[in-house]
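The primary structure of each chain is shown beneath.
4 protein chains.
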Amino acid sequence: MSEGNGVYRHMIRVPYAHVDQMRFVYYANYLVYFEMARTGMLREAGTPYSTLEEKGVLLPVMAAHCEYRQPAHYEDLLAVDVNFPAFKGVRFRLDYKVWRVESGAGPTPGEDALLVEGYTEHVCMSPDGKVLRPDPAFKQLAGH
Amino acid sequence: MSEGNGVYRHMIRVPYAHVDQMRFVYYANYLVYFEMARTGMLREAGTPYSTLEEKGVLLPVMAAHCEYRQPAHYEDLLAVDVNFPAFKGVRFRLDYKVWRVESGAGPTPGEDALLVEGYTEHVCMSPDGKVLRPDPAFKQLAGH
Amino acid sequence: MSEGNGVYRHMIRVPYAHVDQMRFVYYANYLVYFEMARTGMLREAGTPYSTLEEKGVLLPVMAAHCEYRQPAHYEDLLAVDVNFPAFKGVRFRLDYKVWRVESGAGPTPGEDALLVEGYTEHVCMSPDGKVLRPDPAFKQLAGH
Amino acid sequence: MSEGNGVYRHMIRVPYAHVDQMRFVYYANYLVYFEMARTGMLREAGTPYSTLEEKGVLLPVMAAHCEYRQPAHYEDLLAVDVNFPAFKGVRFRLDYKVWRVESGAGPTPGEDALLVEGYTEHVCMSPDGKVLRPDPAFKQLAGH
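Protein chains in written order, with numbering that gives the first Met the number 0: chain A, 0 to 143; chain B, 0 to 143; chain C, 0 to 143; chain D, 0 to 143.
Don't take every hint at face value.
The list treats identical chains as interchangeable, and a pair is accepted whether it falls inside one copy or across any two copies.
[Said to hold, decoys possible] Straight-line alpha carbon distances no greater than 20 Å define the calculated SDA-like cross-link-like pairs of lysine to any residue that follow:
hint, residue 1, residue 2
1, Lys129, Glu66
2, Lys96, His64
3, Lys129, Arg22
4, Lys96, Glu120
Read the hints as simulated data drawn from the structure, not as lab findings. Bear in mind the structure is a predicted one, so any value in this text is a computation, not a measurement.
Start from the sequences, fold in the hints, and give me the full structure.
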């Protein structure tokens with residue numbers, strides 16, 4: 000499911016659970032969508048995060064940012080693209096773009112709409128809270 | 000994606016967001032998984048719930064029940080089967096079974112594990128809160 | 000905050016995050032409200048669940064049930080009463096009632112409205128998954 | 000519940016639902032905590048958000064940011080302070096600080112720990128999506 004627009008693309012159909020009374024996807028859910036794409040990216044790279052945790056490598060989030068350009072709606076089919084630009088020392092950033100690929104009311108005419116852009120920043124950490132040098136798995140992903 | 004074991008099968012990879020410090024999927028999330036399967040079933044039947052709502056047919060939940068047999072874990076691939084046994088007057092019930100199809104640590108040996116069973120009960124309702132006769136869309140789904 | 004109507008009463012003001020596009024509290028959130036009341040009950044009884052977990056006593060949910068009588072809305076002030084009727088062997092049940100005490104639009108005239116009733120069933124479990132005899136902390140709570 | 004450190008302080012006891020298998024509050028939940036504080040601030044200012052919506056004033060989130068300094072844990076008592084620094088044209092920003100006031104395992108020695116800092120940016124919007132001039136209710140809150 001990798002696509003040209005990033006290291007990895009995660010697809011999600013918006014459930015009723017995520018939509019508020021403005022009929023918009025509630026803003027906190029995009030951080031969950033980012034995580035789903037992150038999980039998928041690591042999985043496809045052959046180093047699932049569950050395996051990293053068993054090795055004693057945690058990836059806590061140090062910062063998160065979202066810009067909300069257009070709302071997503073119930074039953075919209077969303078594509079979440081994740082990119083891994085580069086390292087900055089021990090800290091690294093992942094960039095995300097959320098697109099509406101198909102609206103809940105059927106295929107959308109014209110081009111895909113960019114709904115949300117954002118990023119997360121992480122470090123590699125040991126279970127007792129010590130910052131680790133980045134796992135080699137991330138070297139291979141960086142630079143996209 | 001329909002399968003023999005129900006009207007519709009919804010697949011979900013468990014995100015980190017849904018797992019608690021017991022390392023189990025937190026129990027309320029299964030009601031969201033049920034809804035995702037419900038949404039998918041209606042969609043595949045050609046009557047997406049978003050279209051029903053536009054026609055003025057709401058489907059509030061009147062009751063929900065879950066039996067938790069085994070825990071699901073982070074990155075497990077789950078299959079949520081939904082069945083539509085029959086009507087009881089204006090009220091109707093949907094039955095769900097959640098299976099682990101693949102564990103987060105790789106393909107599971109042996110047969111799929113049944114993790115959770117449950118049901119939801121609904122009525123068709125107008126936007127101003129009046130109970131409606133069941134929409135014809137549901138007649139065609141019932142009896143499975 | 001204990002009240003006559005149960006062992007413990009938990010208060011929550013409904014956030015926007017919990018309300019769907021029907022303008023109702025989304026049905027899965029009540030299981031979270033039940034847990035908040037459960038956590039508070041144990042805490043007030045002098046045996047916080049976090050302390051139980053440190054002693055190696057987990058309380059997984061074996062079953063959950065909800066009857067939705069009336070919807071809750073954004074900014075409603077809810078009271079969640081929890082009762083502990085009795086043990087059935089190693090398995091025990093907790094009963095919940097969710098009331099609207101004050102509506103989002105100001106004090107509600109007349110009596111409190113009962114919105115949701117339900118229960119959860121639990122066992123005491125060791126971290127490696129063995130069912131334990133009920134912790135003495137629960138003996139003191141049962142029978143209400 | 001207003002305190003010196005901001006326009007408004009919202010208290011929340013961390014439920015099990017919000018904690019992940021790292022034993023940390025999952026990062027998306029802080030955006031819900033920010034919203035709870037926002038809702039409370041408007042409510043205390045005499046202009047509940049539910050009333051604003053009835054008047055046709057929506058407050059969609061245009062951007063959100065979090066810096067995660069220390070993790071919160073299950074049963075921690077958190078204080079979420081919200082500040083309203085000023086307007087920038089039609090767009091306005093709210094600043095948040097999340098403190099641990101008491102740990103799940105009992106009162107914390109020493110001073111309160113700052114766990115998370117962040118902000119959200121909003122506009123006032125009509126139900127049909129037009130940007131509105133800021134509601135007078137916000138003028139009275141700004142400048143803190």
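Evaluated hints:
no. : hint            : verdict
1   : Lys129 to Glu66 : between (31 Å within a copy, 18 Å between copies)
2   : Lys96 to His64  : both (12 Å within a copy, 16 Å between copies)
3   : Lys129 to Arg22 : between (42 Å within a copy, 16 Å between copies)
4   : Lys96 to Glu120 : both (15 Å within a copy, 19 Å between copies)
Of the numbered hints listed earlier, not one is contradicted by the structure.
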